Amino acid sequence: MDRAQIRKILKSPGKWGQKYSLWVVYFCTGCGIIEIPPVITSRWDAERFGVIPVATPRQANLFLITGYVSLKTLGAIIRTYDQMPDPKYVVGFGSCPINGGMYWDSYNTIKHLDKYIPVDGWISGCMPRPEAIFIAVTHLWTLIDKELANGYKRYKEEYPYYEENQRQVLPHLPKFTGAGET
Amino acid sequence: MQFLSVIVLPLLAFMVAVLFLGLSRKITARIQRRYGPPLYQPVIDVVKLFTQEENISHGPVFDLGVMLALGGSVAIVLFIPVGGMLGLSSSGDLLVVIYLMLLPPLGMALAAGASANPNASIGVSRKLILALAYEVPFLLAILAVMIYGKTTSLMEATQSQQSSVLAWGLFRLPLSALATFLILPAMIGMRPFDMVTAPQEIASGPLVEFGGKYLAIASLQSALHLYIVIALFVNLFLGGGANAGTFLAKVLVVFVAVLLINAVYPRFRMDQGLRFCWKWPGLLALVGLIIAMVSRG
Amino acid sequence: MLVAVILSTAFLGALAVYFAGKLSPRVRNVLAVLVALTVAILTAFLYGHKAQVDYYTIGFLDVTLSLRTNPLAWFFAMAITGIGLCSIIFSLEYMKGKERLDFYYFAMLLVNASMLGIVFSGDLISLYIFWEVMSWSTYLVISYKGGKAAAAGLKYMIMSVVGSCAMLLAIVSLYAHYETIDISRLSTAMQSASAGYALFILLMCAIGFGVKNAIMPLHTWLPDAHSEAVSPFSAVLSGILVRMGVFGLLLIMYGVLTPRMLDKLGAGMLSFSYILCWVAAITIIIPTFTALLQDDSKRLVAWHTVGQGGYMIMGIAFGTTLGIAGGIFHVLNYGISVTLLFLVVGAVEHRTRGQRDLNQLGGLAKRMPLTFFAALCGICGFIGVPLTGSFVSKWLIYKTLIVEGYPFLAFAALIGTWGTILSVYKLLHNIFLGQLPEKYKDVKEVPFSMQLPMIVLSFAILLFGILPGIPLKAIGRIQSSLGLEPLQASLFAMPPEVGELNMVNILAAVAAGCAVAYLIFRLCRKSRRVPQSDTYAAGSYAPADKYQYSANFYERVYQVIEPYVRDRVDAFYYWVVEKSEGLFDGIRKVYTGNLNTYALYIILFLGLLAVLKLALR
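Protein chains in written order, with the working numbering: chain A, 1 to 182; chain B, 1 to 297; chain C, 1 to 617.
FYI, nobody ran anything at the bench for these hints, they're computed from the structure.
There may be inaccurate statements among the hints.
What the hints assert, rightly or not - One side only, chain B facing chain C, incomplete, derived with CB under 7 Å: (1) ILE56; (2) SER57; (3) GLY71; (4) ASN117; (5) SER125; (6) ILE129; (7) ILE147.
To be verified - Far from chain C, by Cβ distances over 10 Å, these chain A residues were calculated: (8) ILE6; (9) ARG7; (10) LYS11; (11) TYR103; (12) THR142; (13) LYS153; (14) ARG154; (15) GLU164; (16) GLN168; (17) LEU170.
The structure presented is a predicted model; accordingly, all values stated were derived computationally and were not measured.
Cβ atoms here follow ideal geometry from the backbone N, Cα and C, with glycine treated the same way.
Modelling step: build the complete structure from the supplied sequences, incorporating the hints.
Laid out in structure tokens, this is it:
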């Protein structure tokens, strides 16, 4: 590290922390999760980027939506996203979250993920290679530096928009019916 | 002079603890034939967790439990002599240290209980059962040290080993030292005894609802606990150290040894862990205690 | 003279409360508190006062019954009146609405008074009289609720009577030998006794006091009795009543027989003291591990009363300065902690309509924060966390066992603490932590009169932890009065020749550590509070009332240790009862209870006599 980098870190240690310590929720959302074990193990070694999987959303700040999103999974994704603490970033992995991908005409999947939770970046492919995840992570670093990765802020500011969309497809979600929220 | 050591000891403990966290990830990575994160990765992690914009709490018991855990660990550090720095060792002997070592798990158990999650409760129950498992050989081993030296003072037990390398507990009480080394991973929470915070089984156990500053404090606490346990082992069986440098070198060697075991072994089931700790280390420690009793008088 | 005032206030006060109850409940309640308070204040003010009062002479036996005071008596009297006062104040709200309350308050105060009588008695017959009064008044209060409580009370009564008979045998034998029952005169007289006779007396008394203190294998009455009694009385039972056994043992072992005599009893390793230490060691280990398998909150605490009593017996039997000081100090500390925990369990019972099943409770810390804090202090008192009084008393016991070179006894004591830790965490977790069930979400904190004793006791356990010198000075005086070497402890530290223990420095270290943690905590962003339903459930929503891990909390340990902690002694006693019932059935065939048969027996016997007379002419 040279002096310029150290000065940057000291000016904004928060950003330095967010960038080089992205912890992924190990929630296997869809078929794309098969690409994640090779990424986090020895061959492609995501840990050198600071990316490690964690078991619970409370400890995570990166959510990889890997693969198609069925309606049932969307409920779990929304709940998990709500439980993550700010700042949090979402990356859509594969074509299905972008525009429905292979399941573009299915009755049971959702086609545009960013109507329901804010997405900071997309990785296209069916499935993308592990190297694509690393490129996405480095792109996310640039976005965090420039403060453009503000999906979580958008979620808070435009919450009625997201809530309306969520309510439309998942009216029985307990956070709308109020069941069990003691 | 001793007043200064009260300030220096915790700072030293923090630095060593954070270094060890980074070292553990790097060495584990290299053993697994990959590059691994930089050595200062734990610093980045802790900075990220402390500067997080939102922290989620489950109530005052949750907050106070986490603070008690870290506070207790910092307090224990003051009672363990490092080389020439004695800290508060003249106010508390080995019995005080092992009973102060109850405060951090109590704090974590309170916080985990307050998080109202069964995964956390399972984690705490596993932690307590594991503690029962390793306490049997551990108590037998330290009783051997105390009986042999006819003292319960940690200062005296350390200083009595300073005369030569052969005076180390490792050579005078080899079976007790071996028993303690076998259960060191259990005391620290490293494989094969990491079932307390098993991410794959019980979603991080007690840490399931910890995020942001809570997770940062909990990580610092577990790193400090790692330092405390290994420092105790070095003081009791490896002759302490004439100065901080030799002491820390010994701590490093023991840590790397435990780390090598951690990198290679899978995880015990709870009942396997219980039976293992009571069988071999327990037997070794018992025989070591009998030998210490006999050779003492 | 003043000692008699205390005792008469206590006894007459009990009677007055019963009659006041006929007038009005409020008067009775106020009077009960006043009596308990007066006795406590009198004890506090007269503490240390030396007195010897002869109060009755039994002419045909030519013995004088007397009362006397000594430091040991004052120490126990203070504990008795303190714990009694706390439980009476707690009973005011707890027992409201229950029936036969006049009888309840009368019996509580009678138990209090009789315990005071025991500690102040100057001769063995007074001791026996007050002991019996205490035993049957305890029986009355235990079986107050009826049903299972009556059965538990009966079990207690039978075992207590067996113990009292053993004690009576010893007293009568002493009177027959030495023509006196005065304790001070007996101690000089017994100097010349043979080792065998001293051992006989000691064994008989140990059985009597051992039943009361629940030493294994005489402990089986305790879990039933303490869990079925009402909570304020369970507090008194566990806190101080069972320790009358400790008082008795101290009196006999060091008051009547001196340490020199104790050394003579036995050969080498097999001395009475050493065997008693091992019995105490087993009493520590097995009950504390049985406790962690219990699902009834009161039974869990009751098993600890058995287990921690082992620490006291071990300290006292071991006989060194530190050991005896540790044992006596533990009586006080454990008394405070267990009173606290029984009051906590009583408070929870009060608000949840009698729920004692640990698998049905949870999360009550949010609704009953003060009770939770009191429970935390009580638990730390059980375990012996540093900064509580129990830590100092246990430290004294461990230290003496290690320094004198008895590592296996020390190991038993140390591992007992771990059994305690596991079981009391289960108690705390299953009642106060975890998810709050739907049906208890409107539970309120207990009223002030129930909070007050809990606050005072929590404060006491912490005070004695940080400044152990306060009770330890009194204990030093007890040791001097018994002719032993007193423990020299300053207000908050031990002298260097005893060991390294400086409670204020430990407090400073813990406080500094917590201050650092608090500072780090506050420097970060403020936290957002989430409700208990917003917890990790793998992306779904936590099912209400189904998301608590309470049952089988220690399943793994249970699998490994269950065969060893099963209560075989209890099973053995019930087997004896079964077999005896066969014998009694046989006797019933002869003693039929039928007048006709008895008339027949008389006629047959007279006929036999007549035949013999004729035959032998």
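Please flag the earlier hints that this structure goes against, numbers listed from lowest up. Structure breaks no hint.
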